[in-house]
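Let the hints inform the model, and build the full structure from the sequences given.
Start counting the sequence shown at 15; every next residue gets the next number (this note's numbering).
In case anyone wonders, no lab produced these hints; they're calculated from the structure.
Where a beta carbon is used, it is the ideal one built from N, C-alpha and C, also for glycine.
Honestly, I wouldn't trust all of these hints.
What the hints assert, rightly or not - The following label-pair restraints were derived from C-beta to C-beta distances:
(1) 111 to 154: 34 to 40 Å
(2) 291 to 216: 41 to 47 Å
(3) 179 to 111: 33 to 39 Å
(4) 52 to 131: 22 to 28 Å
(5) 215 to 142: 30 to 36 Å
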Amino acid sequence: MRTVLVTGASTGFGRVTAEALAQRGHHVFAGVRDVGGRNEKVAAELRSGGVTVVELDVLDQASADAAVAAVVEADGRLDAVINNAGRMFAGPVEAFTAAEIQTILDVNVLGPARVARAALPVLRRQGRGVLIQNGSLAGWVAMPYTGLYAASKAAVKALVETWHHELAPFGVESVTVDAAPYPTNIGANAGSPSELDRVAPYGTNFNGFLSDVMRRARSSEPGDPREVADAFVRLVEMPDGTRPRRTIVAPVSERDAVTAAATAADAATGAVATGMGVDSHLV
Numbered sequence: 015m016r017t018v019l020v021t022g023a024s025t026g027f028g029r030v031t032a033e034a035l036a037q038r039g040h041h042v043f044a045g046v047r048d049v050g051g052r053n054e055k056v057a058a059e060l061r062s063g064g065v066t067v068v069e070l071d072v073l074d075q076a077s078a079d080a081a082v083a084a085v086v087e088a089d090g091r092l093d094a095v096i097n098n099a100g101r102m103f104a105g106p107v108e109a110f111t112a113a114e115i116q117t118i119l120d121v122n123v124l125g126p127a128r129v130a131r132a133a134l135p136v137l138r139r140q141g142r143g144v145l146i147q148n149g150s151l152a153g154w155v156a157m158p159y160t161g162l163y164a165a166s167k168a169a170v171k172a173l174v175e176t177w178h179h180e181l182a183p184f185g186v187e188s189v190t191v192d193a194a195p196y197p198t199n200i201g202a203n204a205g206s207p208s209e210l211d212r213v214a215p216y217g218t219n220f221n222g223f224l225s226d227v228m229r230r231a232r233s234s235e236p237g238d239p240r241e242v243a244d245a246f247v248r249l250v251e252m253p254d255g256t257r258p259r260r261t262i263v264a265p266v267s268e269r270d271a272v273t274a275a276a277t278a279a280d281a282a283t284g285a286v287a288t289g290m291g292v293d294s295h296l297v
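The structure is reproduced here in structure tokens:
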């Protein structure tokens, strides 16, 4: 049995993953915001499935610190952290104000950084454990109207790769699950820019993009989101020191292409790191 903290566990990949891990006998701590308010019903449902719910707002360092402390107080250890919390933002880059861009980065980049900052002293003291990041293929390829989301995922990708090198001497792993689009509520809850006059010139193209996203979300075309949860479960259960740095999850129709691209990217990263003097066992 592993002790696992899952952030953003009220919906989407986070909830499915928390429930799947609990069903397999792991002690899962589901990080949920506003447990006594709007997410009270969700929290009760998670608890009924054997999941322990902890208040966790990734926008607040004190909240992240308290959540990790609650896990350690309960179990005396922390084996895995799944950084899942995040939001989608869609719209022409031009239309987002600086304040809105700051919000995007606060959730998708600083959120995982806060949780890692809270958890890493525990993992280093243990001499083992794993940070598992919910990444995205958007971190590799920026598509129209999701550029800021892609930028945030690219930033997190850089953090994960840096942690991979920095934490290896402590016996702590840093890995990522990079998924293709799957039908979850992240698209329906996507943030949008406030300056509509800046959106208007992109009208036809942007509306077509949104229509396609909604069509895919309503169909079975993108695949089953439980495939992503299964990837998280496999990483949690793998023996320490054997986890791949990157796990690709994509529908069958896309899997071969994205896996080939990931293999080439990993080879290039390894070559550059070696050339820059990074120890080979850390690559």
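Structure-based check of each hint:
1. At about 27 Å, the beta-carbon gap between residue 111 and residue 154 misses the expected band of 34 to 40 Å.
2. Our hint of 41 to 47 Å for residue 291 and residue 216 holds, since their Cβ atoms are close to 45 Å apart.
3. At roughly 35 Å, the beta carbons of residue 179 and residue 111 sit within the given window of 33 to 39 Å.
4. At about 27 Å, the CB distance of residue 52 to residue 131 agrees with the hint of 22 to 28 Å.
5. With their beta carbons about 53 Å apart, residue 215 and residue 142 fall outside the hinted range of 30 to 36 Å.
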